[in-house]
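K.L.:
Spelled out from the first residue to the last, the chains are:
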Amino acid sequence: MELVARHGGAMLRIARVYAPSAADEVVQEAWAELLTSLDRFEGRSSVKTWLFKILLNVARARGRKEGRSIPMSALEGDDEPAVPAERFQGQGHLWAGHWAAAPVAFPSDPAVRSETRKKLKAAIDELPALQREVMILRDVEEWDSQDVCNALGISDTNQRVLLHRARSRVRASLEAYFEGASHG
Amino acid sequence: MADDRQRHLDCIDVVELVSDYLDGAGSAEERVALEQHFLICGGCMRYVEQVRATVEAARETKDTPEPPEELRKLFRAFQASKKT
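Chains V and C supply the protein sequences, listed in that same order. Per my numbering, residue 1 is the first one in the first sequence, and the count goes up by one each step. Per my numbering, residue 1001 is the first one in the second sequence, and the count goes up by one each step.
Please keep in mind that the hints were generated in silico from the structure rather than gathered at the bench. Errors might be hidden in some of the hints.
Unchecked claim - PhoX-like mimics (lysine-lysine), calculated; alpha carbons at most 20 Å apart, straight line:
id: 1; chain 1: C; residue 1: K1073; chain 2: C; residue 2: K1083
id: 2; chain 1: V; residue 1: K119; chain 2: C; residue 2: K1062
id: 3; chain 1: C; residue 1: K1062; chain 2: V; residue 2: K118
id: 4; chain 1: C; residue 1: K1062; chain 2: V; residue 2: K121
id: 5; chain 1: V; residue 1: K48; chain 2: C; residue 2: K1062
id: 6; chain 1: V; residue 1: K53; chain 2: V; residue 2: K65
Sequences are here, hints too, so could you generate the full structure?
P.N.:
Here's what the structure looks like:
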């Protein structure tokens, strides 16, 4: 049961990307599939990445069945800049390309940490599917990039781009939240 | 003569490279250019700290829920089948 406990949270969060109302069932089905096919496990990847490959197949199939299939463009998210261009000085300015509205430090007060965690979790849950998966596995679960590429079946370059976009969006959400909190 | 031309980065370029920088995934040349930029740019220094804080806070959202009874049953059945 140790594997179940260790990966349970991440499995549920990833199952919810495709099948929010049936995440528990998806996780259960993925484990059942893993246990029945253990004999076929060839050890070319870790059990962890194999488990998540199965989970993604089950979750995506369930999503399709529920009419929730996500188009490819929405899976990856738009190619938007990490920070909107308006935050920087425009062409023709002496300091073109430098901050016009520079970031301020996030509050480090421990009292705001639990609220920050909630906001951050919500921001991750709003990411496009693949960005969400990469950020959950890399930053929440602390997997290395190779394992993430294997589990998700993506290239290292793609993984880096998705993680960059995901972190940029989540950072922007936190910044907006702290700005709102300081003005409110 | 050594080539002392260095890659020039504006803040608008820096923000696109920070994620790789934090993971040690960019090139050595990129790393040097970023670190030189951080020395003179407080805005980008704070930006990189914000992204670092975001990654650290993401780690704290990890949860390990108790496995539901259905899953425990599945494992008990599997273990029992292996014993026979």
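K.L.:
Could you work out which earlier hints the structure fails to respect and list their numbers in ascending sequence?
P.N.:
Violated hints: none; all satisfied.
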